[in-house]
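There are 2 protein chains.
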Amino acid sequence: MKKFMNMADTMVAESLEGFVAAHEDILTFCPQRKCIARRSLRAGKPALISGGGAGHEPLHVGFIGHGMLDAACTGHIFTSPTPDQILAAIETTDTGGGCLLIVKNYDGDIMNFEMAAEAARERHRVEMLFVGDDIASSLSNRSGKRGVAGTVVTEKLIGAAAERGMPLAALHSLGSELPERIFTMGVALRGASVPELRRPIFSLGPDEMEVGVGIHGEPGRSRQVYSGAAAAAREMCDEILAACGPNRTAQGLLLVNGLGGTPPAELYLMYGLARRMFEAADIKIARSLVGTFVTSLDMQGISITLALLNDEQIALWDAPVHTAALRWS
Amino acid sequence: MKKFMNMADTMVAESLEGFVAAHEDILTFCPQRKCIARRSLRAGKPALISGGGAGHEPLHVGFIGHGMLDAACTGHIFTSPTPDQILAAIETTDTGGGCLLIVKNYDGDIMNFEMAAEAARERHRVEMLFVGDDIASSLSNRSGKRGVAGTVVTEKLIGAAAERGMPLAALHSLGSELPERIFTMGVALRGASVPELRRPIFSLGPDEMEVGVGIHGEPGRSRQVYSGAAAAAREMCDEILAACGPNRTAQGLLLVNGLGGTPPAELYLMYGLARRMFEAADIKIARSLVGTFVTSLDMQGISITLALLNDEQIALWDAPVHTAALRWS
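Taken in order, these protein sequences are the chains called A and B. Its first residue numbered 1, the first sequence is counted upward by one per residue in the numbering used here. Its first residue numbered 1, the second sequence is counted upward by one per residue in the numbering used here.
What the hints contain is simulated information worked out from the structure, not anything from laboratory work. All of these numbers come straight from a predicted model, not from anything done at the bench. Any given hint might turn out to be false.
Computed from the model, here is a short list of chain B residues facing chain A with C-beta under 7 Å [claimed, not checked]:
id: 1; residue: K2
id: 2; residue: N6
id: 3; residue: A8
id: 4; residue: D9
id: 5; residue: F19
id: 6; residue: P58
id: 7; residue: Y226
id: 8; residue: M270
id: 9; residue: R287
id: 10; residue: V290
id: 11; residue: A315
id: 12; residue: W317
id: 13; residue: W328
From chain A, some residues computed to sit far from chain B (all C-beta separations above 10 Å) [to be verified]:
id: 14; residue: E14
id: 15; residue: E17
id: 16; residue: E57
id: 17; residue: R190
id: 18; residue: A232
id: 19; residue: C244
id: 20; residue: T249
id: 21; residue: A250
id: 22; residue: E266
id: 23; residue: L267
id: 24; residue: R275
id: 25; residue: D282
Here are some chain B residues the structure puts well away from chain A; computed CB gaps all over 12 Å [what the hints assert, rightly or not]:
id: 26; residue: M1
id: 27; residue: E24
id: 28; residue: P83
id: 29; residue: M111
id: 30; residue: E114
id: 31; residue: M115
id: 32; residue: A120
id: 33; residue: G165
id: 34; residue: F202
id: 35; residue: G205
id: 36; residue: C244
id: 37; residue: A250
id: 38; residue: G291
id: 39; residue: D311
We put the CB at the ideal spot given by N, CA and C, even for glycine.
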């Protein structure tokens, strides 16, 4: 697998440098490039900070800006940012309203964000919010579900609420109920290749599909014969519907996300299939998002996220946002 | 190469169906699904109509909406839409201001759009605008340059001018000078695979790069050893600078476009390199766009577009737009 990069060692730094240059109207590097933060911070608004390994772009840096995050920290490929980076983000963006650290549910991320929170608490109010939406995750760490594409929905809703003036504790409690509402399932037709290796982390045969993949190149929970888009969508949507349980609400946001190497035409084809399947299960698709938002390097794969949102949450989704990767008014 | 599709025969129709469902607030199918058009047309505004083969999504359907196109026609994969489809788009969207057909510079597209224009001219005022920005194209058909990623810039500028009330003839003349200002160069690390074949149209070795690729799977004009992103960016930017000539203006829009299978992190890395190279040549990068806008199915490739724009053209770029693939206010 070739990549548009120079050396594996410098890939993340070079990519972030390009990213900041392209979006310098919205964001800027923190001192020593420990994080990337919004150019304009609003005094007293709780600071929303996220981060994680590189290789998932545009997550999280693409969601810095009005209506979403105030800062994001990027680690090495598939590796948590350091506590030092997270602490820099807290110090850069806390304008008196405290900080909410939005952390995808992985042990490495949790450990480093908790260390940073602890170090910061002398001078800052800090709350941690864990994001978990991947229903395929079998290993239970805390809530049990890993944080994957549903992170976008969480960061959007919390970001909108923060812009409206919601205080830190209320943001935390709004976010804490989201894992019960957001369900993601992913499949891959070709694994991600990390820069050092230049070959897929897991290899699939010409007729194989990996089901239940995460975003770190780890294999999924089963390997199946790939028999086309409809069967793949069926597999994913059935699992999502089962996870929703019988008390599911009547409306949802449907996010079809490309994992890095999947072209838009295929994302839309899968969106159409998934939408019909959910509608057949009496879920109204009230909002939609189709695109490449949470990646696993160049993985040729797709994830489907169903977020069952109430009217207030839909209104937060609709609120204005101005970031590199999501923008509307 | 596996794809998220069912049958090759139905791939385009299924993908468009998903697309329309995802963006039903903006657009809708025309009768018999011959084209896709804006839901709300403004009486008297010249109708902007584009189209081309499928496999380039989100081009053109993703650019239907306020500030860009009124309708787009999609043919089979890499195949022009039929005159019948184009005629339907004209009849659906002409509200008295006439129609501007925005046509990428390919013989097949030109022929079919011209046939439709001829058939429509009894009842409609129709002008044709040819888009050509690919400096690698060696075969000269009309202006000589094929229409590739620069099409996005053309459709954005013309669309903004039309919203402002510019009449048909002036839109045509605004568009006609753009080929002198917009320069694109593309490279690929892996060729596109068409649904019927399920393998790349052209095959590259593990250390090879195809230089000067178009968007229809045709090989480029040379094959080179791939020695990393910096050398690839150098190759593309040098050619673009040479094409700009000595009278280049001092400011430009830099578009780094993914050709379908290239993840965002790599696009941003290339953007950073290209930006520095153009700035070193005294071109101020006044505006930027990085993402997957004009694809060649799942090609792992990238194109760099430099559009040398005057202040008025920059203002048209900045004007509000509300489409599936470009949105700001």
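Q: May I ask you to check that G205/B keeps its beta-carbon over 12 Å from the closest beta-carbon of chain A?
A: Nearest chain A Cβ is 10 Å from G205/B, so the label is violated.
Q. Non-interface claim for L267/A: all C-beta distances to chain B beyond 10 Å?
A. violated, 8 Å
**Q.** Check on R190/A being off the interface with chain B, judged by Cβ distance over 10 Å
**A.** violated, 7 Å
Q | chain A versus G165/B - minimum CB to CB distance exceeding 12 Å, so not interface | A | holds, 22 Å
Q. For E114/B, which was marked as not at the interface, is the minimum beta-carbon distance to chain A over 12 Å?
A. Correct as stated: the minimum Cβ-Cβ distance to chain A is 27 Å, above 12 Å.
Q) Can we keep the A8/B interface hint, with Cβ of chain A closer than 7 Å? A) With Cβ-Cβ at 11 Å, over 7 Å, it is violated.
Q.
Over 10 Å from every CB of chain B: does R275/A meet that, or does the non-interface label fail?
A. Check fails; 6 Å does not lie beyond 10 Å.
**Q.** Hint check, D9/B versus chain A [nearest Cβ-Cβ separation less than 7 Å]
**A.** Violated - the Cβ of D9/B stays beyond 7 Å from chain A, reaching only about 13 Å at its closest.
(Q) Does E57/A clear chain B by more than 10 Å, comparing its Cβ with all Cβ atoms of that chain? (A) Nearest chain B Cβ is 4 Å from E57/A, so the label is violated.
Q) For G291/B, is the shortest beta carbon distance to chain A beyond 12 Å? A) At roughly 8 Å from the nearest Cβ of chain A, G291/B sits no farther out than 12 Å, so the non-interface label is violated.
Q | Hinted contact Y226/B with chain A - closest CB pair below 7 Å | A | holds, 6 Å
(Q) The hint names M270/B as touching chain A; please verify it with the least Cβ-Cβ distance against 7 Å. (A) Cβ of M270/B sits 5 Å from chain A, so the hint holds.
When the structure is compared with the earlier hints, violations turn up for hints 3, 4, 9, 11, 12, 14, 15, 16, 17, 18, 22, 23, 24, 26, 27, 35, 38 and for no others.
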